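Trainee: What follows is the residue order along each chain.
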Amino acid sequence: MDALGSEANPLRAAVVGSGPSGFYAAEAMLKSGLAVRVDMIERLPAPYGLVRYGVAPDHPKLKEPILVYSQIARLPHFGLLGNVAVGRDVSVEELRAHYHAVVFACGAETDRRLGIPGEDLPGSHTATEFVAWYNGHPDYRDRSFDLSQEVAVIVGQGNVAADVARILAKCVDELRTTDIARHALEALSASRVRDIHVIGRRGPAQAKFTNKELKELGELVNCDAVVDPRDLELNPASRAEIDAKANFVSAKNVEILRQFASQPASGKARRLFFHFLKSPRALAGAGRLEEVVLARNRLAGEPFKQVADETDRAEVLRSGLLFRSIGYSGVPIPGVPFDARRGVFPTHDGRIVDGAGAAIGGLYAAGWIKRGPTGIIGTNRADAVSTVKALLADVPKLAPEAKRGADGLRALLSARGVRTVSADDWLKIDALEVARGQPDGKPREKFTRVAEMLQCLDTPTAALAARKGIG
Amino acid sequence: MTTIVTDNCKGCRFTDCVTVCPVACFHADEAMLYIDNTVCIQCSACIPICPVHAIYADDDIPEDQRHWIEINAERSQALPVVSDKQDPLPGAEERKTALGY
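So the sequence lines, in the order shown, correspond to chains A and B. First residue of the first sequence: 1, per my numbering; consecutive thereafter. First residue of the second sequence: 1001, per my numbering; consecutive thereafter.
These are computed hints drawn from the structure, not numbers from a lab. Being a predicted model, the structure only gives us computed values, none of them experimental. A virtual CB, placed ideally from N, CA and C, is assigned to each residue, including glycine. One or more of the hints may lead you astray.
Claimed, not checked - Part of the chain A face toward chain B, derived, beta carbon under 8 Å: (1) 20; (2) 62; (3) 240; (4) 242; (5) 428; (6) 431; (7) 434.
Next up, chain B with everything else stripped away, as it sits in the complex (with noise of 0.2 Å):
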């Protein structure tokens, strides 16, 4: 069982998933965010609040995406947990639109 944050998060990081993670499994670098699946109870409570659709569990990763897997494991690792909102990254509305959400 595995949730990641995938492609679409890069020059976005809006960051509403954090808000409704139960258990602060999120953690940033300056480009995106990345789950830590030690910790993800796979509730999947952000996959929809995701405006840009970034976050996928299991079957439903794209074959495209399934890299993420193996950074999302490492980064979130090294990185701090962010459990607050924080102001989306200079462009993200732009990108959202971009990617036609």
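Same shape as in the complex, but just chain A (with noise of 0.2 Å):
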């Protein structure tokens, strides 16, 4: 038989994912040097995962990773299987039947709870929500969140909850020419948003915020940002945290928190208050949420693992209007091994692992769901990078026997029904989308329903020019 990963039996693996991780991986086996073909394997009808439906509007630059996607997806080999969700079109067993290797890279796609009580009540939401229902998420198209309150809460400190922070304080106009989806701006632009408070469980010197998103935070045209110089007196452990050279990032931070803190508030529309060591006790009202209730928490522990304990104190936050963003989790596959814990895949340098820690053989996994939800875009090429590492270690020791790929498995899904996207179908709705945007000024309009943009590929050009702008 002819060696695996030779042109006569070329190695061909599935990506379970279109996001960073995803294309990052497919990249590093595409130019690995060995004879590969790769398929992608993507729920809905557009790639690019969390680039398109999680990076926030406003922040266009942090896009542009999409034109080195869009360059990895016209390498020779590279194939796209768009609106296929595996586990509901297809399964694990016949993906690993049509292919020797699959690589998950399907992220965290839920967000961790904060179990408490009145968690569930009206007007207490996850960020995942709002931050794919303004991106014009297909699955978050409907949600709708009471934007007539005039406090809002975001529990969490890192990127994400600055970007919910940031689309709540920003006003319609600096919003109107971004790619945000056209329901988002229509509900925006009635907000009565006034006072957001974004809460911390640690100090300052832990708050996960990126230097960059947090110094905009204090630039914003529309808002002040709010910090009480108290909360930046640091206890002895965090001062040695700041103070270590390799901690630069967090020393940075509580000296972008000092500045806000020295601001004079400017009576702007809006006000974004910082908190620190706060935690969320219980969400509390008649029938939908009313108030917060946050405990006084204390720092513990050495210098960077400090952790925060409850105290008796606690105060009242009036609010309608919550936001959880306090980390993400995986969510399970049939078929794969998946750690409720950590919300992720248990892997062992990126091999996919049973509950006795071996490998399984064939099964990989790369980004968010390997590792959990850390880092930004670039820390999931680095990750994605190392997986295929072992990847290509393992092809001596994967069954050699010439697969099918991508011919199989369009044929089992054509007879199941299913109508796959593929990588030049998505160029016919992007170029719809880009249209679409042109007459407002944005650089593009999302197709926000699924049926919408397989409407694009199986409508006729004329009929759909007609109805450009429409939608």
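Put the two chains together into one complex; each comes in its own frame, and the hints tell you how they fit.
Mentor: Listed below in structure tokens is the structure:
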């Protein structure tokens, strides 16, 4: 039999998920020097995952990795099978029958829960829902948020919390020419949100914002950043943390917060309050969220290992709109082991392992579903490359029988009535989105329903042209 | 918006930065790395990962390092892209210690 990875018997790999990790994994395989065929399987008709549906619309530069991904998609031997959900349209077992290796790069699709009373009251949401909604994700198209509330609370102090705060704090004129979904722009234009509270469990030295995202929150046209200087008095362990030379990001965050604290409020229409050392203890209200009970915390432990312990002290913040942004969790797929506690697929060096810690041949993971929701877009490149390194090292050990790859899979999906979306199909949808955005000066107006996207492909062009701008 | 590599990279060249760059905007010569700001998306992924804090952006660029803005612009155009991790230069660990990291 021809060696696996030779032209006569190319390595056939499926990548599940089309976000950053998926594309970087695909690229690493396609540029490995082996004969490889890579098929990327994406649940939605639109690729790019969190770059399309997570990165905030007012950060267009951070969406530019899409240019890199679209080049990867044009590499020889790359294929896209969009609109295909693993676990719904095709099983993991079937993927393994068609491919020598499967790399799961399906991200962390759900939020972690606070685990407190009242968490599910109307008015209490996950940051994910809100982010996906303003970014036009089809699964979140019909969500609604009560933006008639004047006080909003965001639990968490990472970059997602910063994005949510910024979108709430900006006026719609600042968002109008971004690729924000039209439905979100309309809802935000009626927003009465005036005060935004961002709540952190630990202190200013432990906030997870990147410097840049934090700094931006102090430079908003329509919103004053408010920090109580007393919150910036650090305990000795936190001072030791920011004095460590390698921890310059946290030191800079504290410096930025000090600057916010020293800025006099300039009477802008909205205010963004930073709270530290507080944890929501309960959400309360008659039939809907009205009050957030915040416990006061105290830090305990060695530098860099400090944990927040709740004290008896508490305060009440009246608010009818809350977003929790305290981390994400992956979603299990039948046929793949799942670590429910960490919300990831258990791996060793990128190889998915069973309960006994033994690698399951041919199954790999990269990105957030492997290491949890940390880092930013580029972090996933190093992560995906290391997974592919393990995969390539395994090639001599993988079952060398020729596999049918995309040909077989397409036939299977077609028999099941699944309309797969190819890379060329996506380019058509993409071009129509860009054209739809033009009249409003937007880089694109996303289609926010799967049916609309598929219609772009199966409706004659002339009919579409006549309807351009409608929808 | 500018992100640049400065003095501390010289003689170290750990190249951790290139592994997290989402758009492959690092270029290298024998001594150090340079960022092509016509490609860089200013995501700042490289800044915290540099073991010797050689990378700075915008207002954070120290006054005595600002000349690197022009050098990064020029050298990045003339040199090949580096997007995979390479061995640090000989003596890099010692230099890192000497720099206090």
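Trainee: Now, for every hint given, state plainly whether the structure supports it.
Mentor: We went through each hint and held it up to the structure:
1. 20: 7 Å, holds
2. 62: 6 Å, holds
3. 240: Violated - the Cβ of residue 240 of chain A stays beyond 8 Å from chain B, reaching only about 15 Å at its closest.
4. 242: At 14 Å from the nearest chain B Cβ, residue 242 of chain A fails the 8 Å test, so the hint is violated.
5. 428: Violated, about 25 Å.
6. 431: Result: violated, 23 Å to nearest chain B Cβ.
7. 434: For residue 434 of chain A, the interface hint is violated, since the closest Cβ of chain B sits about 19 Å away, which is over 8 Å.
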